[in-house]
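Asker: Next come the chains, spelled out residue by residue.
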Amino acid sequence: MNQPNGSGESWGTRLGVILAVTGSAVGLGNFLRFPGLAAQFEGGAFMIPYAVAFLILGLPIAWVEWAMGRYGGKYGFNSTPGCYFAICNRSRPAAYMGVLGLLVPVMIYMFYVFIEAWCLGFAWKYLIGDPALLGTATDTDVTTGTYVLDFVGIKENGSLFHNFFGSSLVHLLICFVLNFVLIYRGLNKGIEWFCKWAMPALVLCAVIVLIRVLTLAPNPVNENQNVINGLGYMWNPGGIVMPETLPAEAPEAVSEVAAVATEAVSDATPQKKSLLTTLSDPEIWLAAAGQIFFSLSVGFGVIITYSSYLKKDDDVALSSLTAAAGNGFCEVALGGMILIPAAFVFLGVLDEKTLNSAFQLGFMVLPQVFAQMPGGQFFGFLFFFLLFLAAVTSSLSMLQPAIAFLEEGLDINRKMSVTILGFVTFVGTMFVVYFSENLAALDAIDFWVATFCIYVLATVQVIIFGWVLGVDEGYDELMTGAEIKVHKSFKFIVKYVSPLFLLIIFAVWIFKALPKRIENISHVEGLALGFIGIMLTFFLLLIASATKRWNKLEKGKVSQ
Amino acid sequence: MNIGGWIIMSLSVGGMSTLLGWCVYKVLSTPGSSEHLHTQNDIDPHDDDDD
Chain G
0 MNQPNGSGES WGTRLGVILA VTGSAVGLGN FLRFPGLAAQ FEGGAFMIPY
50 AVAFLILGLP IAWVEWAMGR YGGKYGFNST PGCYFAICNR SRPAAYMGVL
100 GLLVPVMIYM FYVFIEAWCL GFAWKYLIGD PALLGTATDT DVTTGTYVLD
150 FVGIKENGSL FHNFFGSSLV HLLICFVLNF VLIYRGLNKG IEWFCKWAMP
200 ALVLCAVIVL IRVLTLAPNP VNENQNVING LGYMWNPGGI VMPETLPAEA
250 PEAVSEVAAV ATEAVSDATP QKKSLLTTLS DPEIWLAAAG QIFFSLSVGF
300 GVIITYSSYL KKDDDVALSS LTAAAGNGFC EVALGGMILI PAAFVFLGVL
350 DEKTLNSAFQ LGFMVLPQVF AQMPGGQFFG FLFFFLLFLA AVTSSLSMLQ
400 PAIAFLEEGL DINRKMSVTI LGFVTFVGTM FVVYFSENLA ALDAIDFWVA
450 TFCIYVLATV QVIIFGWVLG VDEGYDELMT GAEIKVHKSF KFIVKYVSPL
500 FLLIIFAVWI FKALPKRIEN ISHVEGLALG FIGIMLTFFL LLIASATKRW
550 NKLEKGKVSQ
Chain A
0 MNIGGWIIMS LSVGGMSTLL GWCVYKVLST PGSSEHLHTQ NDIDPHDDDD
50 D
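Chains G and A, in that order, are what the protein sequence lines are.
Take 0 as the starting number for the first sequence in numbering that gives the first Met the number 0 and just add one per residue.
Take 0 as the starting number for the second sequence in numbering that gives the first Met the number 0 and just add one per residue.
None of these hints come from the bench; they were simulated from the model.
Warning: the hint list may mix true and false statements.
Calculated pairs, EDC-like style, for lysine to aspartate or glutamate (alpha carbon to alpha carbon, straight line, at most 20 Å) [what the hints assert, rightly or not]:
(1) G:K311 to G:E472
(2) A:K25 to G:E482
(3) A:K25 to G:D312
(4) G:K487 to G:E472
(5) G:K310 to G:D129
(6) G:K484 to G:D312
Whole structure, please, built from the sequences with the hints as guidance.
Answerer: Printed below as a string of structure tokens:
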């Protein structure tokens, strides 16, 4: 079969591709979202549906994506539309169905790089000892809270542009340039090179912060607020009961953030539930499945692209399991042991609203924690630097699918593909940055693309693998070159259990979240939906052009 | 922290750490698996086509 050349790129080492996929999966969700969810659902109980979701949803879909990507790569395709085109016997509709494999990563990048810039900005400010962030500012008008809100532009649309050097725009520019320089350098010299040193550095930073957290002294105001009880808050099935707990007094200088955090603390009255009562709540199953799903980066279109650069007999089964385990380790063993115990020691029990918001936990509550922690400046720097590294390894992976598609679909070179994607993502990011009031644009794209579209894409993927490629052929593809034996129950799980589980989660999510969301669509959300529509049309037109080219190649009308 | 918390924390953290350790061991102990998947000669930078 005639096939596109692709970019001719490939991974340098096996460890490199595993670290790149792990880096793609390890992101802010591991260190901010997971601990918040686990504490909200009485951590110990949460781990049961979390483990189930890992086994029947996360891992099987990750294997599916790795196998599909390598399959497409055999025919010279590196993008989701291209791989679907190859798997579905050169079907153009199948290629169109892969449009979400371009839209999702590109549009997530548009807001993710903005959050990445906050992490870099916070790390820098801790490094230089910014008094406003450390809660030691003498100017009473500059509290940590207002400082943070100004930094991210949450108060007013366009406010970031009024104060370029004092806001996160400088850091955004740095992050944007860093991502595109690495992407331009290519798979081996850019992404793989960066992930090879960033991932170990990230783990090292996390371990140092973890040791600090585990050795914290009890809160002097209330000795019940100690690390052991903090771990109990995170891991006890049924939660904790602390009748004597009172919120700790916050220093005056950090009053604004303290107000947010103290409000969170004071409303919380933990009630002990039995394990069975907790597990009988469908919410916990939905939350665990959602966390596994987003954490492993399945349904993003990223793993397909990464694995397409493997050779046809390279192992994917063990590599995929290793990447999933690496992500799980960062999430459970590092993320699960740092944020909640540390916040508990200084702030006590947090309320559901705070635990549910990664922004509140990461950028409002944590500065309060570091402001009170001995050595907080150093550990604050380490924590936000590790978040920055985690964010870069993820954002890089969001660019590669579109780069691969532009090169294989339009037959353009790296310079041109990087230029086109750079322009498109710059426009999108500026949209997110301008409409920063209450982070409205960010929230809208997060909801419609990073949640809704991901469910759709993952469902499409398991259906194509299980029902179009065929579960037997798919299993044989997975086992080609495999260094571990995947149990044959994988076939049944992928064909029936995973799609059913996904459809149920999707249906419940639509039933619960969608009507409320549609009722309250704001002006900015309407604009964001329009922008998503424009991007969708843009990618569909590109796919139309690409499939024409691929069909011509098939007929030998274009000489390679 | 109660006994259930200790058990679940140990199983979760220990389980993930063990799984990762086993995977890394398998990857590194498989002959040739950590070597280069492709040589540099395989790579066509593709940028020279129309420059």
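Asker: Any hints this thing doesn't respect? Which numbers, in order?
Answerer: As far as the earlier hints go, only 5 is violated by this structure.
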